[in-house]
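Q: So the chains spell out like this:
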Amino acid sequence: MLKVKKLKDNATVLDLMLNECYIGEGKEEFIVLNNNVKIKTGEKRKGFIPVRIKKIVPPNKVEIEVVKEQFTVVSEPEQKIRLFLKSDIIRKLEPQIKKAVNLIRNAARNGRLIILRHHADCDGYAGALALEEILISIIEKKNKKIWQSYKRMPMKAPFYEYGDALKDLSYFKEEISFGKKPLLIIVDNGCGEEDLLALKKVKLYDVDIVVIDHHVFAKEINKVVDVHLNPRVAGGEGDITSGMLSYEIAAQIGNPNPIYPALSGVADKSRNEFLEPYMRLAHKDREFLEKLAKCVDFEAYNLRFMESNLIYDFFNEKQKRTMDLILSEVEKRTDERKIIIKKFLKHEKLKKGTLYCLELDKTVPIREYPSPGKTVGIAHKMNKGPRITLGFSKDMITFRIDGVPFSIENALKALKKKIPYGNINGGGHNYAGTIKFIPGVGEEVLSSLKKIIKS
Amino acid sequence: MLKVKKLKDNATVLDLMLNECYIGEGKEEFIVLNNNVKIKTGEKRKGFIPVRIKKIVPPNKVEIEVVKEQFTVVSEPEQKIRLFLKSDIIRKLEPQIKKAVNLIRNAARNGRLIILRHHADCDGYAGALALEEILISIIEKKNKKIWQSYKRMPMKAPFYEYGDALKDLSYFKEEISFGKKPLLIIVDNGCGEEDLLALKKVKLYDVDIVVIDHHVFAKEINKVVDVHLNPRVAGGEGDITSGMLSYEIAAQIGNPNPIYPALSGVADKSRNEFLEPYMRLAHKDREFLEKLAKCVDFEAYNLRFMESNLIYDFFNEKQKRTMDLILSEVEKRTDERKIIIKKFLKHEKLKKGTLYCLELDKTVPIREYPSPGKTVGIAHKMNKGPRITLGFSKDMITFRIDGVPFSIENALKALKKKIPYGNINGGGHNYAGTIKFIPGVGEEVLSSLKKIIKS
Amino acid sequence: MLKVKKLKDNATVLDLMLNECYIGEGKEEFIVLNNNVKIKTGEKRKGFIPVRIKKIVPPNKVEIEVVKEQFTVVSEPEQKIRLFLKSDIIRKLEPQIKKAVNLIRNAARNGRLIILRHHADCDGYAGALALEEILISIIEKKNKKIWQSYKRMPMKAPFYEYGDALKDLSYFKEEISFGKKPLLIIVDNGCGEEDLLALKKVKLYDVDIVVIDHHVFAKEINKVVDVHLNPRVAGGEGDITSGMLSYEIAAQIGNPNPIYPALSGVADKSRNEFLEPYMRLAHKDREFLEKLAKCVDFEAYNLRFMESNLIYDFFNEKQKRTMDLILSEVEKRTDERKIIIKKFLKHEKLKKGTLYCLELDKTVPIREYPSPGKTVGIAHKMNKGPRITLGFSKDMITFRIDGVPFSIENALKALKKKIPYGNINGGGHNYAGTIKFIPGVGEEVLSSLKKIIKS
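Residue numbers (our numbering), protein chains in the order written: chain C, 33 to 487; chain B, 33 to 487; chain L, 33 to 487.
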């Protein structure tokens with residue numbers, strides 16, 4: 033017997049599934065599925081009527097056919113979220129995860145155009161690939177050509193640039209002109225001050241937006257996007273990664289490769305409390321994951337803005353061969369970089385620990401891997417104990433910190449106050465981040481930052 | 033009764049309209065429309081014969097069918113140009129406008145491939161969009177897919193680069209191999225020394241070229257292109273803008289949005305004599321147009337080389353919402369830039385007025401809006417009275433001038449003479465322009481320029 | 033009577049030609065063409081059976097039909113190589129040339145995807161176009177759309193970058209997923225240390241690789257690629273150019289324009305022994321070829337990464353007009369550059385000859401033709417006698433040498449040893465090359481290099 037669902041009270045047109053059957057009630061010329069979904073049919077009907085959804089044109093046009101078969105009404109099961117990670121923080125995020133799951137699943141099932149933007153680093157890729165795996169499996173089942181319904185685009189910058197929004201809207205506009213509502217997903221970028229303009233621009237065109245990020249966020253973000261999923265909203269820190277959050281979403285919808293959350297946790301230095309459960313899930317140890325993270329990072333650097341499925345060969349039966357090739361290259365380059373660092377890294381004693389400084393413009397070849405940021409990371413790992421490692425160029429400082437108290441937010445605030453004419457901004461975490469400024473204040477910023485560190 | 037036209041004496045195959053009827057005269061195996069257009073039919077006919085044009089393959093192949101219906105001969109009306117702007121300068125430009133109208137209209141109607149290149153600033157966009165609106169309306173009427181017949185490409189550089197010509201020719205070559213003659217239109221660029229090589233390259237392939245510009249032009253240009261429309265040819269200055277000229281052309285063919293000429297006039301500081309009639313036409317005041325110009329300029333900066341119809345949302349029912357979003361962003365960034373300028377702008381007294389100097393490499397963040405040039409504009413507006421504002425970097429000086437006599441052409445001449453080994457070039461207007469040079473002569477150029485200004 | 037071939041003993045599935053007939057022997061359920069090619073048919077046959085090849089799916093699936101016609105067996109003629117250049121070195125390279133010919137011809141005939149990568153200079157273009165001409169003629173005969181089977185991509189860098197490999201693999205992967213084996217040809221790049229990573233990456237996907245180069249090669253290269261054709265392998269030097277080698281290959285398969293080897297020889301300064309035979313073949317004198325080389329070099333500079341057939345207009349009936357236009361431009365720019373050089377070039381006496389030095393950052397406009405390297409070449413030609421001309425910038429030295437003993441390999445070795453923290457690398461020839469380093473050691477490298485030169 034045909035099963036027809038009762039649409040939930042708060043559901044909207046966007047929650048309808050194509051070709052599914054729902055029970056409606058005839059009222060004048062409408063068939064009413066709930067208070068939000070009333071379908072004009074032109075015929076006056078009474079009583080309960082089963083209908084099949086033939087076409088959905090958001091925001092509110094629905095085409096149906098009345099079902100003639102015998103039917104039984106089933107209540108749509110309350111959607112349940114089963115999070116893998118057991119943690120207070122992630123439990124608090126359940127409502128956002130649920131909403132993200134619904135938006136993403138419905139968009140894919142209904143063939144809406146989805147653009148998935150992600151930061152081009154290891155965490156960004158981990159999150160994006162977890163989602164991509166389940167998106168592609170849904171779209172392929174619908175016999176749709178992938179490229180008609182889905183695009184993934186890595187972002188080199190640590191934020192969603194206005195120019196990115198213009199590109200995405202160029203894809204979205206055709207879809208919108210057909211009356212369809214596209215979906216934008218942003219992974220490991222998207223929640224900060226610098227993202228707001230681009231997001232607002234996209235929102236002008238009524239695109240659904242899901243941001244999955246773990247960086248410091250702008251308060252306004254929650255008003256701009258449909259879902260902002262971020263451990264910091266629930267009192268957490270950056271070490272519940274974008275890869276972990278994306279995996280939790282993807283795992284509600286399909287079966288993504290379980291390696292992604294552990295990989296991202298290793299790359300972004302998650303504490304053991306979060307990392308270990310995911311490592312057990314992945315059946316991989318830290319050493320292996322660290323090697324893999326180096327490879328993915330190198331590949332991401334070189335893929336730049338390419339949407340390429342080559343990256344999957346680090347996760348399938350080709351894994352060993354691709355890793356062997358890339359790992360030895362990364363290690364060779366790291367060793368070469370260490371020789372440079374040994375020669376040029378300067379140090380001075382702090383009250384507690386040591387401050388290491390590297391002049392990036394003089395020591396890091398441009399447009400070569402490892403990047404200046406990675407180079408500072410290498411320099412930092414070459415030393416031990418409480419320490420700060422600063423790399424500075426004419427308009428940028430990037431740092432790594434261990435065992436020395438430091439707040440990037442406070443440092444930025446103090447620098448902005450002291451040098452208001454310096455166009456100072458930046459971001460990151462307390463243990464690793466970046467400060468940008470105009471070259472005219474380079475020396476002033478460096479000496480002020482040193483003072484902040486020493487105080 | 034069928035109306036058939038008499039083809040004008042100086043008309044060529046390119047002036048024929050597809051599916052239109054013309055009267056010809058049978059002579060031996062030809063039907064002769066005029067001295068330029070003689071169609072071989074293989075049959076000997078005599079007397080007047082009405083024909084319908086079935087196919088045109090430039091340079092001179094025409095396929096016809098003889099019309100059997102009753103007909104009456106009408107003389108093709110003398111094409112009339114009704115210019116909106118009443119001004120001696122623009123009246124003198126009527127011949128060029130007429131020729132541009134004919135070339136553009138015929139190319140669009142006959143489905144020839146058209147590439148529209150334009151400077152990626154407010155004036156460039158204004159002119160290009162005025163033309164694009166009427167081009168697209170013609171192409172759509174012919175049921176052609178737009179992208180088969182038309183491409184618009186913004187140019188960041190202030191001239192048509194040789195590399196641009198190579199790209200355009202790559203599109204043109206397929207068309208040319210089918211025996212069709214494409215059309216290149218260049219708006220707000222294209223008339224200077226630096227454009228000549230690229231234009232000559234395109235002309236090697238016998239492409240029609242229309243240049244609509246208002247910058248200082250190279251004398252040779254008139255020999256290279258088919259139409260060079262420029263107020264300076266008629267003794268005018270740069271303040272009859274590319275947007276105004278393009279609008280006058282477009283308005284002969286269709287109904288472009290009347291806001292474009294006023295917008296460009298505000299952006300490029302046209303005198304009231306030219307600006308006010310267009311403002312009345314647009315029913316918009318200067319304050320609104322200045323805000324709109326800021327928005328279009330910001331969008332143009334971020335669109336870079338994209339051919340996007342997003343720009344139209346500043347001119348349609350979305351206007352208010354797009355302007356609100358972008359204007360507040362532009363103003364925020366302008367305010368931030370002002371703080372930097374206040375700190376770093378230096379000044380010295382001139383005999384008449386003041387000279388302000390800003391070291392751009394130290395004060396303007398790279399690849400961020402506002403650009404160095406815009407920053408100098410902001411600095412200039414922050415002061416009053418007779419003044420020159422110079423922004424200099426290691427290989428470039430950009431300036432704004434008010435109330436101080438200055439000739440960019442004379443300054444360039446003097447600098448080139450004094451520093452012949454400096455690779456000095458540049459351009460613009462007497463109130464705003466740019467001088468480029470090699471870093472090795474930076475100080476020499478700056479001190480020489482100051483001397484010129486002070487003298 | 034139908035001619036059927038006997039497949040050679042060492043031939044594999046990849047050597048089979050579609051629609052050709054071969055003689056096989058029935059053994060159980062197989063028809064055996066040779067020890068490598070055994071086709072399962074499902075029927076038990078005995079004796080000699082003629083078959084026609086209907087489909088080839090590498091690595092080893094072959095579909096056949098048994099031929100019913102009368103037939104005669106012909107032995108497949110031993111493939112003969114007739115090299116145009118008579119020289120011991122090139123004779124020693126015959127095995128590699130033969131293998132390259134087979135790989136390239138079979139790939140084209142069997143419709144496998146071919147990517148042709150080449151250095152974007154005159155030699156690189158000469159070699160690539162010689163091969164492209166014969167590739168396109170084969171593919172067109174098969175009624176294939178060119179772009180489905182073939183892509184040519186110029187490389188600006190002097191090596192095959194890892195990012196290039198990722199792009200190429202994105203094209204290759206679809207082909208590979210259909211079970212086909214693509215072919216990568218690299219001309220005038222590809223044999224050095226810096227190429228290895230990218231080549232190994234491509235080889236992970238079992239792509240056939242042919243490298244045609246004449247630069248100093250890494251020993252490992254022979255193990256990585258299928259063919260490494262390089263005069264240095266046979267004790268030659270760089271003056272048997274990539275254009276000459278590519279021409280010799282192409283001429284075994286079809287009829288490429290005979291101008292390419294002479295053109296490349298002039299561009300890369302081949303000795304008369306090699307150059308003159310090719311000049312006679314081309315019926316062109318040195319003066320003409322030098323002019324043409326300048327034009328191709330300018331066009332290559334501006335085409336950048338474009339795959340454009342515009343370049344052929346320097347070799348067909350448009351040649352005179354394209355050369356006239358470009359040559360006068362190149363000469364104008366060279367004259368302008370000479371004025372700068374005259375002012376800024378410094379010189380000091382050597383024991384034998386003179387050392388000329390040019391500070392590139394101060395004297396060469398960025399992103400303008402001539403490039404820094406070309407500028408040093410111009411400076412070098414402005415002087416006579418034994419001399420070294422060095423152009424240096426903050427992270428690079430480029431040099432030209434005449435009549436002064438110098439070994440780039442020894443110089444690099446000595447610099448690396450003396451300044452191990454300088455990230456020093458480079459390459460080229462003993463008469464022209466480049467040394468790169470980090471800015472922090474710029475002065476140290478320059479003074480050490482001068483010492484090496486003076487010693």
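Please note: incorrect hints may appear among the correct ones.
Identical copies look the same in the list; a pair holds intra-copy or inter-copy alike.
With a straight-line cut-off of 25 Å between C-alpha atoms, the simulated DSS-like cross-links for lysine-lysine are [stated by the list, open to error]:
1) 413 to 323
2) 426 to 378
3) 448 to 374
4) 364 to 112
5) 370 to 449
Hints in this document: simulated from the structure, not taken from any laboratory. Just so you know, these numbers come straight off a predicted model, no measurement behind them.
Q: None of the hints should be skipped; say for each whether it holds.
A: To see whether the hints hold, each was checked on the structure:
In this homomeric assembly, residue 413 and residue 323 come within 25 Å of each other (Cα to Cα) only inside a single copy, at 15 Å, whereas the closest approach across copies is 51 Å. Proximity of residue 426 and residue 378 under a CA criterion of 25 Å is satisfied in both settings, with 17 Å inside one chain copy and 22 Å between copies. Taking the shortest alpha-carbon separations for residue 448 and residue 374, only the inter-copy value of 16 Å comes in at or below 25 Å, while the best intra-copy value is 33 Å. Proximity of residue 364 to residue 112 under the C-alpha cut-off of 25 Å is found in neither arrangement, the shortest distances being 48 Å within a copy and 45 Å between copies.
Taking the shortest alpha-carbon separations for residue 370 and residue 449, only the inter-copy value of 16 Å comes in at or below 25 Å, while the best intra-copy value is 36 Å.
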